[in-house]
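Here is what each chain is made of, one letter per residue.
2 protein chains.
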Amino acid sequence: MNYLKQKIFGAVKDDLGDIETALEENLTPYVELVHQTASHILFSGGKRLRPLLMVLSARLCGYTGNYDKTFSTIFEYLHAATLLHDDLVDGAKLRRGKPVAHSIWGSPVAVLVGDFLLSRSLSIGTETGRLKIIKVIAETTENMSQGEIHQLTRKGNIDLSESEYLEIIRRKTAVLIEGACRTGALIADAATEEEAGLSAYGFNLGMAFQMADDLLDYTSDTGSLGKEIGADLKEGKLTLPVIRSLKAATPEDRTWIETILANKDFSLRGFEKLRDMLDAYGGLDYTRNKAIKYVSDAKAAISVFARSETKEILLNIADYALERDA
Amino acid sequence: MNYLKQKIFGAVKDDLGDIETALEENLTPYVELVHQTASHILFSGGKRLRPLLMVLSARLCGYTGNYDKTFSTIFEYLHAATLLHDDLVDGAKLRRGKPVAHSIWGSPVAVLVGDFLLSRSLSIGTETGRLKIIKVIAETTENMSQGEIHQLTRKGNIDLSESEYLEIIRRKTAVLIEGACRTGALIADAATEEEAGLSAYGFNLGMAFQMADDLLDYTSDTGSLGKEIGADLKEGKLTLPVIRSLKAATPEDRTWIETILANKDFSLRGFEKLRDMLDAYGGLDYTRNKAIKYVSDAKAAISVFARSETKEILLNIADYALERDA
Numbered sequence: 091m092n093y094l095k096q097k098i099f100g101a102v103k104d105d106l107g108d109i110e111t112a113l114e115e116n117l118t119p120y121v122e123l124v125h126q127t128a129s130h131i132l133f134s135g136g137k138r139l140r141p142l143l144m145v146l147s148a149r150l151c152g153y154t155g156n157y158d159k160t161f162s163t164i165f166e167y168l169h170a171a172t173l174l175h176d177d178l179v180d181g182a183k184l185r186r187g188k189p190v191a192h193s194i195w196g197s198p199v200a201v202l203v204g205d206f207l208l209s210r211s212l213s214i215g216t217e218t219g220r221l222k223i224i225k226v227i228a229e230t231t232e233n234m235s236q237g238e239i240h241q242l243t244r245k246g247n248i249d250l251s252e253s254e255y256l257e258i259i260r261r262k263t264a265v266l267i268e269g270a271c272r273t274g275a276l277i278a279d280a281a282t283e284e285e286a287g288l289s290a291y292g293f294n295l296g297m298a299f300q301m302a303d304d305l306l307d308y309t310s311d312t313g314s315l316g317k318e319i320g321a322d323l324k325e326g327k328l329t330l331p332v333i334r335s336l337k338a339a340t341p342e343d344r345t346w347i348e349t350i351l352a353n354k355d356f357s358l359r360g361f362e363k364l365r366d367m368l369d370a371y372g373g374l375d376y377t378r379n380k381a382i383k384y385v386s387d388a389k390a391a392i393s394v395f396a397r398s399e400t401k402e403i404l405l406n407i408a409d410y411a412l413e414r415d416a
Numbered sequence: 091m092n093y094l095k096q097k098i099f100g101a102v103k104d105d106l107g108d109i110e111t112a113l114e115e116n117l118t119p120y121v122e123l124v125h126q127t128a129s130h131i132l133f134s135g136g137k138r139l140r141p142l143l144m145v146l147s148a149r150l151c152g153y154t155g156n157y158d159k160t161f162s163t164i165f166e167y168l169h170a171a172t173l174l175h176d177d178l179v180d181g182a183k184l185r186r187g188k189p190v191a192h193s194i195w196g197s198p199v200a201v202l203v204g205d206f207l208l209s210r211s212l213s214i215g216t217e218t219g220r221l222k223i224i225k226v227i228a229e230t231t232e233n234m235s236q237g238e239i240h241q242l243t244r245k246g247n248i249d250l251s252e253s254e255y256l257e258i259i260r261r262k263t264a265v266l267i268e269g270a271c272r273t274g275a276l277i278a279d280a281a282t283e284e285e286a287g288l289s290a291y292g293f294n295l296g297m298a299f300q301m302a303d304d305l306l307d308y309t310s311d312t313g314s315l316g317k318e319i320g321a322d323l324k325e326g327k328l329t330l331p332v333i334r335s336l337k338a339a340t341p342e343d344r345t346w347i348e349t350i351l352a353n354k355d356f357s358l359r360g361f362e363k364l365r366d367m368l369d370a371y372g373g374l375d376y377t378r379n380k381a382i383k384y385v386s387d388a389k390a391a392i393s394v395f396a397r398s399e400t401k402e403i404l405l406n407i408a409d410y411a412l413e414r415d416a
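Going down the list, the sequences are from chains X and H.
In short: position in the first sequence from 1, add 90, done, that's the working numbering.
In short: position in the second sequence from 1, add 90, done, that's the working numbering.
Just chain X, same shape as in the assembly:
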């Protein structure tokens, strides 16, 4: 574990424990199969980033109530719901090193348990008594489903532009993290500029996280990543490292990448060739630099808050976005 990770984990250990308990306690399905399937996706080593960010955001805004952990489950349930549906949509095989739910229980169960988790998240949302939080959930779901469809309609298309890519990851990832941070501010009755600051922090962090994730697909190995090597490209998904490299690529290299995208398959050797290409054409560096900019914007966004232990953790999490290895 690297230093930053250790520092963050040390500071939020108790919070993570409480979040884990809350995730267990608030699931409450009446059908055993729902419990089983939901637990498979929920308790398989997720980082709990979204609920944690909600809890920390609330604390930063002075929240002293007892419901922050309960409310934070909204964002993990919502996240798990979309993972269930997205894995199905993407035809993914592994998540966090384990077979995906639909490969164990079948697509129908994955669809319905996703719906169930979404509705749990919504039910807990109503318990906050804040319509603004429900709006966050509604808008997040609307954005995520459309972002995923947008991505789906462009699958295997070599002409995906950088701005389209940004639009897709905004909807698919950033909006949810933004919503978690914003909800923390909302349950703490924060001032408008605090709410705006935390929203911007979440949005920028989300963008950085997704880019780091897209980089990991090319810079990590299956062991630590917990999914197939080069899974994105195999699924026909063009991400920024490839999009950027294609701009600079020779016609020959472009054709080679196009072939991979069309065949959805490559050997380890082919993968290494691709990785070298993304490196040589600067796609990896370009993406890393973009992510660095988002991290710095995230950190700047919470300058409205005075220095505190909680703020320090949020700043560390932002930095960690780029350092993580899985």
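Quick caveat, the hints were computed from the structure, so don't treat them as lab data.
Please note that the accuracy of each hint is not assured.
[As the list claims (entries may be wrong)] Partial list, derived from the structure: chain H residues whose beta carbon lies under 8 Å from chain X: (1) His-175; (2) Leu-178; (3) Val-199; (4) Ile-227; (5) Glu-402.
Positions of the beta carbon are idealized from the N, C-alpha and C atoms, including for glycine.
Knowing the structure of chain X, use the given hints to seat chain H on it.
Coordinates of chain H only, in the frame set by chain X:
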């Protein structure tokens, strides 16, 4: 068109027109494929029962605002979302005589457009400004997904009990119709007993509608039903006409029904034999009588309201539940 249907349609023609417009106007997706797929399920001859019931319930409680049609789309979008997912889960082929969405655009699109419709319904729900209405949406979704999973886990099982069947249709159908009626009362700021009366009306009507639907599967033909003959049994779904008949069946007939359930296939001749069996063993009559009781309970539930044109329509709709032929 029978007399009752004509009477109802005559009385609500303008409302149905307005609901249609609202359904078009509130969809607002940004991806064209979402619009196409959502329109396929939304504008294919649905009866608009749920939005209509919301509008009529609001009117019965004295609502005079301008947003009843907009808010009523919540229940058609929610309904369409579950149809998209359920058709996928059930492996259905036809709906209202047209190929189901997932057979045209594939399962991924059906899953995601279902999610989108659910989130649209939620977004419009937040526009009501009433947390109680959001609760209705959350509870409905929770119930429907679990009801559907419950049904799924019992698929092909000959031992499904009548009480399990009632639990499943309550969650799958009655809760949504109950929610539509209740929401009508809520937006009209109705008195508690009016809200309770309309909720009970909706619940009982929903139970009756589902039973009538389950009867139609054995008493109608593909032409008017718009789906395959005996589709329920082919999908491994035991409904009340069969459940009741099995109780009285000879071991020989029971085995014959079990074989159909296991093979998921039968000829027209086999279907006629089955129908005769359900008739002879009283399963059809038993179901019809149960449905009649629910209709009468639905009508009794709104006795709290004075006589009015709107109440008359709601009473007619209850009666129509048993008379419809598709």
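We went through each hint and held it up to the structure:
1. His-175: Since chain X brings a Cβ to about 5 Å from His-175(H), closer than 8 Å, the hint holds.
2. Leu-178: OK, holds: Leu-178(H) within 8 Å of chain X, min 6 Å.
3. Val-199: Hint holds; Val-199(H) Cβ to chain X Cβ min 7 Å, cut 8 Å.
4. Ile-227: holds, 7 Å
5. Glu-402: violated, 35 Å
Going down the numbered hints, you'll see the structure goes against just number 5.
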